[in-house]
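Q: Assemble the whole structure, with the sequences as input and the hints as a guide.
Chains A, B, C, D, E and F supply the protein sequences, listed in that same order. FYI, this note's numbering numbers position 117 of the first sequence as 117, with every residue one higher than the one before it. FYI, this note's numbering numbers position 29 of the second sequence as 29, with every residue one higher than the one before it. FYI, this note's numbering numbers position 14 of the third sequence as 14, with every residue one higher than the one before it. FYI, this note's numbering numbers position 118 of the fourth sequence as 118, with every residue one higher than the one before it. FYI, this note's numbering numbers position 65 of the fifth sequence as 65, with every residue one higher than the one before it. FYI, this note's numbering numbers position 7 of the sixth sequence as 7, with every residue one higher than the one before it.
Just so you know, not all the hints are guaranteed correct.
[What the hints assert, rightly or not] Taking lysine to aspartate or glutamate pairs in the EDC-like style, the calculated list, with each CA pair at most 16 Å apart, reads: (1) K129/A / E144/B; (2) K129/B / E144/A; (3) K129/E / E37/E; (4) K129/B / E37/B; (5) K129/C / E37/C; (6) K129/D / E144/C; (7) K129/C / D46/C; (8) K129/F / D46/F; (9) K129/D / D46/D; (10) K129/D / E37/D; (11) K129/F / E144/E; (12) K129/F / D10/F; (13) K129/C / E144/D; (14) K129/E / E144/F; (15) K129/B / D46/B; (16) K129/A / D46/A; (17) K129/A / D15/A; (18) K129/E / E18/E.
No wet-lab data here; the hints were simulated from the structure.
What follows is the residue order along each chain.
Number of protein chains: 6
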Amino acid sequence: LSSHLGPRGDVRMVDVAEKPPTQRRGVAVARVRMRPETASRLARGDTPKGEVLATARIAGIMAAKRTPELIPMCHAIALTHVAIALDVDEAAARVTITASAEATDRTGVEMEAMVAASVAALTLYDMLKGIDREMVVEDVMLVEKSGGRSGHFRRSP
Amino acid sequence: LSSHLGPRGDVRMVDVAEKPPTQRRGVAVARVRMRPETASRLARGDTPKGEVLATARIAGIMAAKRTPELIPMCHAIALTHVAIALDVDEAAARVTITASAEATDRTGVEMEAMVAASVAALTLYDMLKGIDREMVVEDVMLVEKSGGRSGHFRRSP
Amino acid sequence: LSSHLGPRGDVRMVDVAEKPPTQRRGVAVARVRMRPETASRLARGDTPKGEVLATARIAGIMAAKRTPELIPMCHAIALTHVAIALDVDEAAARVTITASAEATDRTGVEMEAMVAASVAALTLYDMLKGIDREMVVEDVMLVEKSGGRSGHFRRSP
Amino acid sequence: LSSHLGPRGDVRMVDVAEKPPTQRRGVAVARVRMRPETASRLARGDTPKGEVLATARIAGIMAAKRTPELIPMCHAIALTHVAIALDVDEAAARVTITASAEATDRTGVEMEAMVAASVAALTLYDMLKGIDREMVVEDVMLVEKSGGRSGHFRRSP
Amino acid sequence: LSSHLGPRGDVRMVDVAEKPPTQRRGVAVARVRMRPETASRLARGDTPKGEVLATARIAGIMAAKRTPELIPMCHAIALTHVAIALDVDEAAARVTITASAEATDRTGVEMEAMVAASVAALTLYDMLKGIDREMVVEDVMLVEKSGGRSGHFRRSP
Amino acid sequence: LSSHLGPRGDVRMVDVAEKPPTQRRGVAVARVRMRPETASRLARGDTPKGEVLATARIAGIMAAKRTPELIPMCHAIALTHVAIALDVDEAAARVTITASAEATDRTGVEMEAMVAASVAALTLYDMLKGIDREMVVEDVMLVEKSGGRSGHFRRSP
Chain A
1 LSSHLGPRGD VRMVDVAEKP PTQRRGVAVA RVRMRPETAS RLARGDTPKG EVLATARIAG
61 IMAAKRTPEL IPMCHAIALT HVAIALDVDE AAARVTITAS AEATDRTGVE MEAMVAASVA
121 ALTLYDMLKG IDREMVVEDV MLVEKSGGRS GHFRRSP
Chain B
1 LSSHLGPRGD VRMVDVAEKP PTQRRGVAVA RVRMRPETAS RLARGDTPKG EVLATARIAG
61 IMAAKRTPEL IPMCHAIALT HVAIALDVDE AAARVTITAS AEATDRTGVE MEAMVAASVA
121 ALTLYDMLKG IDREMVVEDV MLVEKSGGRS GHFRRSP
Chain C
1 LSSHLGPRGD VRMVDVAEKP PTQRRGVAVA RVRMRPETAS RLARGDTPKG EVLATARIAG
61 IMAAKRTPEL IPMCHAIALT HVAIALDVDE AAARVTITAS AEATDRTGVE MEAMVAASVA
121 ALTLYDMLKG IDREMVVEDV MLVEKSGGRS GHFRRSP
Chain D
1 LSSHLGPRGD VRMVDVAEKP PTQRRGVAVA RVRMRPETAS RLARGDTPKG EVLATARIAG
61 IMAAKRTPEL IPMCHAIALT HVAIALDVDE AAARVTITAS AEATDRTGVE MEAMVAASVA
121 ALTLYDMLKG IDREMVVEDV MLVEKSGGRS GHFRRSP
Chain E
1 LSSHLGPRGD VRMVDVAEKP PTQRRGVAVA RVRMRPETAS RLARGDTPKG EVLATARIAG
61 IMAAKRTPEL IPMCHAIALT HVAIALDVDE AAARVTITAS AEATDRTGVE MEAMVAASVA
121 ALTLYDMLKG IDREMVVEDV MLVEKSGGRS GHFRRSP
Chain F
1 LSSHLGPRGD VRMVDVAEKP PTQRRGVAVA RVRMRPETAS RLARGDTPKG EVLATARIAG
61 IMAAKRTPEL IPMCHAIALT HVAIALDVDE AAARVTITAS AEATDRTGVE MEAMVAASVA
121 ALTLYDMLKG IDREMVVEDV MLVEKSGGRS GHFRRSP
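A: Printed below as a string of structure tokens:
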């Protein structure tokens, strides 16, 4: 029987008390597809709302810390590190966001990385939607996870 | 010159005081791709963390209300309506989340719809990652927007 | 068919766009039953964590403003007034908390009053539990509601 | 002299640095009294806002995590487990909510259990108030507490 | 008698229902005094935590929106505009932060401007404390206020 | 090279995983300068919004716990103790706020003390601005810090 089930199959926050705290790491990516001209303007800093990349990065980092408020069954985790990199690929008309989160805890931090990447992507959308409403946030996914019983995971490309 | 630029091109929250409050509506979708078996188990309610769909729906609705806390330049908006529908497509091994947000306000609610769809998708990921870590949140995008100066927008499929 | 049901009976935040904004008021009470000695000490300000009543009052007012973050289907409402009165009844060994909330909005504020009364009561419990762990928060209930289609409601004692 | 008093008797967050982290557990209940017909409709899922029980459960779990934001003097605690059970007693026209919270920490988690039970009860009220405005949240109380210096506590029924 | 007093002189959130919504504006400044070398490094972007000014600006804007969560008796206000300017004065070894907030509401937005200026200043401190722990946030003050019964206020320099 | 820089100099939350948890303490002060009559009224409790000092104290303590939500690069820290003292100096027409924060953690708590002092000062301003709009929050600064590699710091007066 799954450890996630309450006495009647109800949803509940999983009990992690028995797990020892270990070093955890999660890395997620999100890609934002846009029109070529939007990517070019972003690359040369010529966008109507200035400081787009810094705003997205900061929004992602702040959102990572609020993961347990957003995702109902997530445990509160004291993150020891969060970083977000944004790569503007003009040729592909796409921005790739890579978010990493780390903690020494009883449970994994993959959701923190997923939330950080998603919110950074949504912020990019918000800052650029005035010039390109049809942008798409595509492929938010976990690419790496380490620590915990399930061992190291790395997504094959 | 763009109305979004401060005296020195710094980021700032756009001034919307001059816009009249009108009826606004935004609809966004997010798709979560998963293994066929995961979709089947979800469709028949046989998942380790029970109540997956209700949890995702509630998480999305609650997140919509917190959009201005997550997206730095978003204005606080008193939403009059939020709804989230989840469609489990076993054949395609994919869940489609449709989030709609409405308000009578000076600014649009597309970010509220985008945030609601994204957080519902991330919650789905969280509730199912124990059985399928390689799920991908793909294609978070605005599909409809009405109200405001820019007129009606509907994304061509 | 109920207006609260989505296409498939799913939970959703009710659409209130059609309702006109009117003056709304809600009043709720909560009672905290305690040992006679606890009530006496509270009445004469002889409690280990000082400023108990002020802390409960402030906690209740602050919680009222966060109602839509706590109660999933509540709309964000710009409250125009919140007040909390605490009445220490030594003879009955009970504190009665009365919370009132007001707004000019499309939907009622009874949940804001209920949340304010409950959180003030829980704060009282927290501040006094060191000397009386068996206190009970009893009878959190709406006693008055005005504004909106359903007309004036006053609970018969 | 109480350790909770500041130099002048002012309220302050108690110093828990000297306490060793131990396994903590708190269990609280809340009862919601309603009209018999309301309980019957809830029991057979025939309510206007569907998914009432899941919404209450999720709201309670999410609120437990936000206890230190609501209760002014509560310490932030990394909960290892939260669960909420709702029991609909048609005969008694009453729902009993049992909330348990656990952590490995320097201070107790009884407030987290009390907040979870209260917010689940308030959410039940919110979801059902359209059909039964006179429901009463009664008897929010701690029923069990373990861990820490004060030893095991179990409320006699 | 003051309108801010409850029946027994208790604190409460002032009733603003009778005030008509008008255009409100508040401007506050904060000054951060630092060592000359710190100001020089900040001016030429040579600081260990890069993007200091953007981070401070974004933090201030986001904090303005959360004013009612921080300042207990503040009403929730839907801000129509927030902007923050930072001026690095190398000669004076000081950064001046100017925060403006606007809304169409029943109550003033001076606290929103004060909170924005303060949090931007604190963020500056956080980003630079590794190289200059003795920085001082000095002179957080309201410099302009318009809208509402009290008329236009402008601080004499 | 600074440990705070990402691959491209972008802002990120510093990695503290390698630091051992130690006992940390930070003390900050804020001074609020006001008109002599305001200080006198505050000292004798004759102010229009009653319970000013308790409200400021509670607001400061609650804000300390929310530091990582306000200051973008701050880590979440489980504070073991927070206290705020307010000293009303009628002769100097000034209130001095002293905030102390403590934790057993990998990183310092000086920002928690700075935020607590600032928000208590801003709350004082909010509660008294009706009678003295020209109050100034001056000299928010760290006066003591202990724990961590950088050793004990005490500001010379």
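Q: Please write out, lowest number first, the hints stated earlier that are contradicted by the structure.
A: 12, 17, 18
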